[in-house]
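Those sequence lines, one after another, are chains A, B and C. full-length UniProt numbering numbers the first residue of the first sequence as 1 and each following residue consecutively. full-length UniProt numbering numbers the first residue of the second sequence as 1 and each following residue consecutively. full-length UniProt numbering numbers the first residue of the third sequence as 1 and each following residue consecutively.
If you are wondering where the hints come from, they were derived from the structure by calculation, not from laboratory data. Keep in mind that a hint or two might mislead.
[Stated by the list, open to error] Okay, the calculated beta carbon distance ranges per label pair: (1) Asp-2(A) <-> Pro-19(C): 32 to 42 Å; (2) Glu-81(A) <-> Thr-219(C): 53 to 63 Å; (3) Gly-92(C) <-> Asp-2(A): 57 to 67 Å; (4) Asn-158(A) <-> Arg-253(B): 36 to 46 Å; (5) Arg-16(B) <-> Glu-229(C): 53 to 63 Å; (6) Arg-176(B) <-> Gly-222(C): 54 to 64 Å; (7) Arg-222(B) <-> Ile-46(A): 48 to 58 Å; (8) Leu-22(C) <-> Arg-212(A): 45 to 55 Å; (9) Gly-228(C) <-> Phe-3(A): 37 to 47 Å; (10) Thr-219(C) <-> Arg-253(B): 57 to 67 Å; (11) Ile-46(A) <-> Arg-16(B): 47 to 57 Å.
[As the list claims (entries may be wrong)] If you want the footprint, here are the derived chain B segments under chain A, 3+ residues with CB under 8 Å: (12) 42 to 55; (13) 192 to 202.
On a predicted model such as this, the values are computed, not experimentally measured, just so you know. All C-beta atoms in this analysis are idealised placements derived from N, C-alpha and C, irrespective of residue type, glycine included.
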Amino acid sequence: MDFPFLYETFLTLIAALPLTLQLAATAIAFGAILALGLALCRISGILPLDWFARLYIFIFRGSPLLVQIFLIYYGLGQFREVRHSMFWFILRDPYWCAVIALMLNTAAYAAEIIRGGLLSVPHGQVEAARSCGMSPFMVFRRITLPLAVRQALPAYSNEMISMVKATSLASIITIMEVTGVAAKLISETFRAIEVFVVAGFIYLAINFVLTRLVAFVEYRLSPHMRQPAPLSAATVAGEIR
Amino acid sequence: MTVSSNSPSVPAIEVRGLRKSFGPVEVLKGIDLTAHEGEVLSILGASGSGKSTMLRCINMLETPDGGDIVVAGEKVAMKPGPHGKSRVADRGQVQRIRSELGMVFQSFNLWSHKTVIENIIEAPIHVQKRSRTEAIEEAEALLAKVGIADKRNHYPSHLSGGQQQRAAIARALAMRPKVMLFDEPTSALDPELVGEVLRVMRSLAEEGRTMLVVTHEMGFARDVSSRVVFLHQGAIEEQGTPQEMFANAKSERFRKFISG
Amino acid sequence: MTQPTLFDLIGTGPNGWGPALLTGAIMTVLIAISGFAIGAAIGALGAWAKISGGPVLRGIASTYTTILRGIPDLLVIYLFYFGGSSVVTAVGRWFGAEGFIGFPGFLAGALAVGITSGAQQTEVFRGAFKAVHAGEIEAAIACGMSRFLCFRRIIAPLTLRHALPGMGNVWQVTLKESALVSVTGVVELLRQAQIGAGSTGMPFDFYAIAAVIYLAISTVSGGLLQLGEKRASRGVRRA
């Protein structure tokens, strides 16, 4: 093993880490908001909204992300109206195009996860809130959403990992995040395996930390699903007896 | 502790001509029922007789198809909706009236992500906009009253069914309701846990609270309630004081019902 | 020059890209099927290692799935494409060949997609095996079946039935992943769309057509899979 080369590669790649993280964080954050809206459309019971959300989810989950990135980055520029619109400064920027594509894509997957979470909220707890005189919005904010978030978090953590991995596709539209830099290094040095090992290690590390982070948040958010100390002691005592 | 705020001439709850269908099934066929202040009504009937639906119509968890609900003299405003059924006219009014009615459910329905005390102070703070300190103080008193003061910081999933139901009663009481509605409060409990809940309910009755109780507990109906209402197939078959009803009810069906 | 219409683009006329796009789509399906098949073989081995392997095998299998779940698929494709090329070049030099020898993109792509798909299928097969009722295996052993016979007649068919829905999901993922193989220059659907976009200056039309074709392939194959699933799982209760 050529350790000096590995170390140098690591230094080069780690410099691109902030860009990868920034891409992932922005896409996940905006995507979550969009996903919540889509999930609400799906369960709204209002047919046009439901069908819109279904179609959206079908399209974005059924076609490759890379095609979506190309459509936004290369495709939209085909239209004169887009090139002359006020959004052109965003849509000609590969970074923002990547963020938009990633965001639109993750929203489709996350919408179904959030919908599952919302549907898992026991109806009785919602009724109890309504019977206290809460407004529909307050019921949603104080009861439904907190319960749904706790339920959806494990699945959402998988989606976040997918997004971190998906940021690598931004390299194809010239963004020099970790995979982009790695590809450049490979084509310069022809040492694919070493570069792969280092880049792979960086992604594994990100996803490991991310998984731990979500697990920690989940732990903090769901004390009601854990056994309290005194009760578990009693149970153990009961079992011994 | 007195709960009275209205003159005795105004009934706490008045139900007039209440109708409700689920699809083709007519569950309530025009119910008239009045509960005066301090009265404890036991609502009995076989399953499917519509007794739970009637209770749920009173705080509009089910929207009646027709008829009036009057709470402490205030009529719930309805407007005509599609298919000849009526709809709630003023959501704000319904929400306010709901906060004046304490509902206890068969399956407790405590909010699983909140501790017992958080469950109890939720509505007083966020719906009634009372101060947090006051709400907590009152909640602690209520917990002591229902006998689970030590479970203050437990989550519902860590309590027995009886403890959960007592917490749910405390949650309903915390809104200082004019009327308490109980929807089969002991039906989901193991037999050995029924007693602790009934004891709490009996003490509430003795305080002079107005209570509507849908139940299968004959002992409670006979010993605690001031009036027994017997529903059959969506209509009130007979009502009267427990003495009248349990000694010599006119209804053949009711006599059969109580003999098991 | 007048802009060709969308209809001209997908047609077979002088301006038509229809045949080229169709060939690309067939290539996409071929890559996806090869990758999926490689993945199924790896998945079966991986699941076997995780279920009944010793500590070493289990360690290898779980390292494999952890790594493949945590790193971008694009990186794996680069590894196989560039890494494969350098291995081939080194071997070629050994035999006296001069210069750089490229690794075939199709092979690199299918292998890379297969390895990724294999990690997912390992988990699908493992979960499916776990869903097989222990009593059914006991009953087979009680009939006097040998271990191999029990696996062949009872465990394998039951596992496969439980695995079908999960395999359907993996297939959809694999199909979409095959688009990444375009970076190696293999002229599959997306690469063909890129070529079309470049030579006509109509990127939106071409990528939109590509997206629609991907949706069509995934919908049709999804429908077929569901049909097969229904047939295969008669008598299996759905959770």
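Consistency of the hints with the structure:
no.	hint	in the structure
1	Asp-2(A) <-> Pro-19(C): 32 to 42 Å	violated, 48 Å
2	Glu-81(A) <-> Thr-219(C): 53 to 63 Å	violated, 31 Å
3	Gly-92(C) <-> Asp-2(A): 57 to 67 Å	violated, 22 Å
4	Asn-158(A) <-> Arg-253(B): 36 to 46 Å	violated, 57 Å
5	Arg-16(B) <-> Glu-229(C): 53 to 63 Å	holds, 56 Å
6	Arg-176(B) <-> Gly-222(C): 54 to 64 Å	holds, 57 Å
7	Arg-222(B) <-> Ile-46(A): 48 to 58 Å	holds, 50 Å
8	Leu-22(C) <-> Arg-212(A): 45 to 55 Å	holds, 47 Å
9	Gly-228(C) <-> Phe-3(A): 37 to 47 Å	violated, 51 Å
10	Thr-219(C) <-> Arg-253(B): 57 to 67 Å	holds, 58 Å
11	Ile-46(A) <-> Arg-16(B): 47 to 57 Å	violated, 34 Å
12	42 to 55	violated (count 0)
13	192 to 202	violated (count 0)
Of the numbered hints given earlier, the model fails hints 1, 2, 3, 4, 9, 11, 12 and 13; all others are met.
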